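Student: Chain residues, written in single-letter form:
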Amino acid sequence: MSQLVGLYNYWVVIVLMMAGLYILIARYNLVKKMIGLGVFQTSIFYLYITMGKVDGGTAPILLEDAPDTVYSNPLPHVLILTAIVVGVATTAVALALTVRIHEAFGTIEEDEIKAIEAAEPEA
Amino acid sequence: MIEHLVIGALLTFLVVIAIGIIVLRDLLAAVVLLGLYSLVAAGAFIVMDAVDVAFTEAAVGAGISTILFLGALSFTSHEQKPRGNDSIVAAVFVVITGALLIYGTLDMPHYGSAASPAQTHPELAVRFIERSAGEVGPPNLVTSVLGSYRGYDTLGETVVVFAAGIAVLSLLGLRRRGSPGNLPPEAPGSAPGLTPVPAPHDPAAETSGAIDPATGPRRYARQRHRVLQVVTKLIVPFVLLFALYVQFHGDYGPGGGFQAGVIFASAFILHGLIFGLQRTRQVMPPSVVRMLMAGGVLIYGGTGAVTMLLGGNLLDYDVLAHDPLHGQHWGLFAIELGVGVTVTGVMISLFYAFASRRSDDREPARDADGSTPTGATTGAGGTPRAGDASTPGA
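As given, the protein sequences belong to chains A and B, one line each in that order.
Heads up: the first sequence runs through residues 0 to 122, numbered per numbering that gives the first Met the number 0.
Heads up: the second sequence runs through residues 0 to 393, numbered per numbering that gives the first Met the number 0.
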């Protein structure tokens, strides 16, 4: 039981991660793949924040009149805070590439793109 | 115990949403679910004390990222094609990987454990919590770690955001295919009030106000959503003010440059969604946006250069003032400003890049509405007539 309560967060993170991975592998649509990557990415954020949490702790903003306060670990927060913004920027690059692929091939389904490329190998 | 239950419930929501995303073939719905997924995750981050992260995730994941996905979807199809061939193989692979990872968690420190290595390493969390007040200053430890202890790292992240902005601009923003033949005959001057510029081949829309079902979804930004327009006009100043608060109060509460930049940009994105890209470009010309992108990195890097010229290490703010704590204060202020400016610029330019691709065929209308002269005076190689404000040197 204590295993379940103590590790439930990690297990859910893994389930979410695998959901994202499944979308990445099994779906041919490039936008859908990006959505899967978003699911995967957010689950990693969750993993880090879980590791920073301390029982009975509070947000890592120092209180002047309470020297005995327990604070959660600020380091994972910093790492993930920047990762989120970098994540959206790189997602935008991927989406821009998808838009250009759609302009070039008329489709964003991976298998159709491969078929078109196979049809004109010199293109 | 209550906390554990709340977390458990939120996590279960996340799993349900993830399953929904897998099952749905409608990409539009999947994108909206992804936004919801981010919002629920942000709620869980708050319960786990990560207020700054929750702030960012709510603004970025549920806000800007959803807009970008919708922007990309407007160029492509809204449905994914049905595929079932290798789903069994993928499912088996994913289940095996997941089982191995779960096996790997069995000896992880339990959730909330104060004795885990992450919490007890003397040079990381312990040092930040015990000595940051004397070494850096700000009560918000996330700000002091982000700006001072891990200043190099944040500089790198800012440059990555900047580089991603450049990449999107070069993929989407620089190619032009506007032709003067598409210039709407009565567009300039005919819409002085709230009325958006009508579609060139649909002059009836201006008088009747009817939404043409054929062109309606494509031109959502140009239709007259009067209630949304009034509400947007009321909200935008407060969003901007809040962004400034988040920027400058980040030392003392949740917030900082990353969040403020995203919120600041979201005000302009909201404006662009409701009033149309042309009007937003008048308020915030693309040339200014590009200067913001580069300017923030310049401020950040410049702060590092100044600290070196004053005899310290790169981004060692102690040398910026006679008192090290004052120096840290100045340094944090400068680099948070740099981060905020760059993130604002990049987020707005991402929105412009995706949104302007759709309206390229109506670009010449800008000649009359005043944004081109701005581009012509600041753009290096852009010509006032043929060149677009966002393509100097293209």
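Where hints are given, some of them may not hold.
[Said to hold, decoys possible] Selected chain A positions facing chain B (Cβ under 10 angstroms, derived; list incomplete):
hint, residue
1, Gly35
2, His76
3, Ile115
[Claimed, not checked] Over 12 angstroms on every C-beta distance to chain B, these chain A residues come out as not near it, computed from the model:
hint, residue
4, Ala18
5, Ala25
6, Glu111
7, Glu119
By construction, these hints were calculated from the structure, which means they are not laboratory data.
If you're wondering where the values come from, they're calculated on a predicted model, not measured in any experiment.
Ideal Cβ positions, reconstructed from N, Cα and C, are used throughout, including at glycine.
Student: Look at each hint and say if it fits the structure.
Tutor: Against the structure, the hints come out as follows:
1. Gly35: Where the cut-off is 10 angstroms and the nearest Cβ of chain B is about 8 angstroms from A:Gly35, the hint holds.
2. His76: 5 angstroms, holds
3. Ile115: For A:Ile115, the interface hint is violated, since the closest Cβ of chain B sits about 14 angstroms away, which is over 10 angstroms.
4. Ala18: 4 angstroms, violated
5. Ala25: Violated, since 4 angstroms does not exceed 12 angstroms.
6. Glu111: Violated: least Cβ distance 8 angstroms, not greater than 12 angstroms.
7. Glu119: 21 angstroms, holds
In this structure, the earlier hints numbered 3, 4, 5 and 6 are contradicted, and the remaining ones agree with it.
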